[in-house]
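Listed here are the chains, written in short residue letters.
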Amino acid sequence: MAEPRSTREGPGRVLVAVYATFALAATARSLVQIATRFASAPLAYALSAAAALVYLVATLALGKGTPPWRPVAWAACAVELVGVFAVGTASVRDPAAFTDSTVWSDYGQGYGYVPAVLPLVGLAWLWRTGARR
Amino acid sequence: MSAAAAWGIAFAALAITVWASLECVRNRPLGDWLFYALAALEMALVAQLVGGVVAVVATTRAVDTVTFVAYLVTAVLLPVVSVLWGASDKTRWGTAVLALGGLVSSVLEVRLLEIWTAPGG
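Protein sequence lines, in the order shown, are assigned to chains A and B. Positions in the first sequence are counted from 1; adding 1 to them yields our numbering. Positions in the second sequence are counted from 1; adding 1414 to them yields our numbering.
The set of hints was computed from the structure by calculation and includes no laboratory data. Note that beta-carbon positions come from the ideal geometry of N, C-alpha and C, so glycine has one too. Each hint should be verified, as a subset may be incorrect.
[Unchecked claim] For lysine to aspartate or glutamate, the following EDC-like pairs were computed, each having C-alpha atoms within a straight-line distance of at most 20 Å: (1) B/Lys1504 - A/Glu10; (2) B/Lys1504 - B/Asp1446; (3) A/Lys65 - A/Asp107; (4) A/Lys65 - A/Glu10; (5) A/Lys65 - B/Asp1503.
[What the hints assert, rightly or not] Have a look at the derived ranges for each label pair, beta carbon to beta carbon: (6) A/Pro96 - B/Trp1447: 31 to 41 Å; (7) A/Trp128 - B/Ala1454: 18 to 28 Å; (8) B/Thr1473 - A/Thr67: 45 to 55 Å; (9) B/Ala1429 - A/Leu44: 34 to 44 Å.
[Unchecked claim] For the chain A half of the interface with chain B, some residues (derived, Cβ under 10 Å), not all of them: (10) Val33; (11) Leu61; (12) Lys65; (13) Pro69.
So here's chain A without its partners, still in its complex pose (with noise of 0.2 Å):
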């Protein structure tokens, strides 16, 4: 069995910046919500802290991009992929919860809907990195 590739060559070099990009937004979106105004939508503030989390999370695992590495980066992504599908279908089906939005509100439409199409590609990534047999 080959060793895998590194995420962080190549294509990812690029999709690393792209998770970066994300980690950077949703964590200083997440920070102001939380230190301005906490009470008034604490649902969708921990959840646009959880988010953060998960990028940052996701940019390290990826942009380190070796062997012990892999399994954190498979969670993080699947975890976003879950987490960007819930919180989507969540704020849809009931807007009201959602008083304020979050990087995943609306399947990330404030953000061109790439938070849906992130995580896909992400684990697309790793599974084409992955080890040979």
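Position chain B relative to chain A; hints supplied.
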């Protein structure tokens, strides 16, 4: 803050995105001229940081100062980080990182203008 300068920077950053995308399609690594263009963009952003901080201190309107300055600083750091991350890959993918960086820079400029003109900050 000069809105014209912010728009100018936004369009210059978009031009860098188009340029870097073409270079990526033509399978080129980061070349000297694209690097010089990024250096020029960086100088404009540093000038904008100075001008923006002076303007936000001087203005009598209510502007969300913390967010505004955070965006100014992020805008300055972004090209540096994208060159460090992109240029360490000597293939077309390094160039693609810079295309993405230019796009994010232009989005930052548009958000900066929104924060500056927002009523009550």
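- Task: Report holds or violated for the interface hint on A/Pro69, using the least CB-CB distance to chain B and a cut-off of 10 Å.
- Result: At about 21 Å, which exceeds the 10 Å cut-off, the nearest Cβ of chain B leaves the hint on A/Pro69 violated.
- Holds or violated: are the alpha carbons of B/Lys1504 and A/Glu10 at most 20 Å from each other? holds, 10 Å
- Message: Hint validation: A/Val33 versus chain B, beta carbon distance must be below 10 Å. Holds or violated?
- Response: Result: holds, 7 Å to nearest chain B Cβ.
- Taking the beta carbons of A/Trp128 and B/Ala1454, is their distance inside 18 to 28 Å? violated, 40 Å
- Against chain B, run the beta carbon of A/Lys65 and see if the smallest gap drops under 10 Å. violated, 13 Å
- Query: Is 31 to 41 Å right for how far apart the beta carbons of A/Pro96 and B/Trp1447 are?
  - Reply: violated, 49 Å
- Given the hinted pair B/Lys1504 and B/Asp1446, is their alpha-carbon gap at most 20 Å? holds, 13 Å
- Query: Quick one, are A/Lys65 and A/Glu10 close enough, alpha carbons at most 20 Å?
  - Reply: Status holds; Cα separation ~10 Å.
- So, A/Leu61 near chain B? Judge it on the closest CB pair being under 10 Å. Violated, about 13 Å.
- Range agreement (Cβ of A/Thr67 with Cβ of B/Thr1473, hint 45 to 55 Å): holds, 49 Å
- Query: Does A/Lys65 pair with A/Asp107 here, judged by a C-alpha cut-off of 20 Å?
  - Reply: Answer violated: A/Lys65 to A/Asp107 is near 31 Å, above 20 Å.
- Message: A range of 34 to 44 Å was offered for this pair. Does it hold for the Cβ distance of B/Ala1429 and A/Leu44?
- Response: Between B/Ala1429 and A/Leu44, where Cβ atoms are some 42 Å apart, the hint holds.
Comparing the model with each numbered hint stated earlier shows that hints 3, 6, 7, 11, 12, 13 do not hold.
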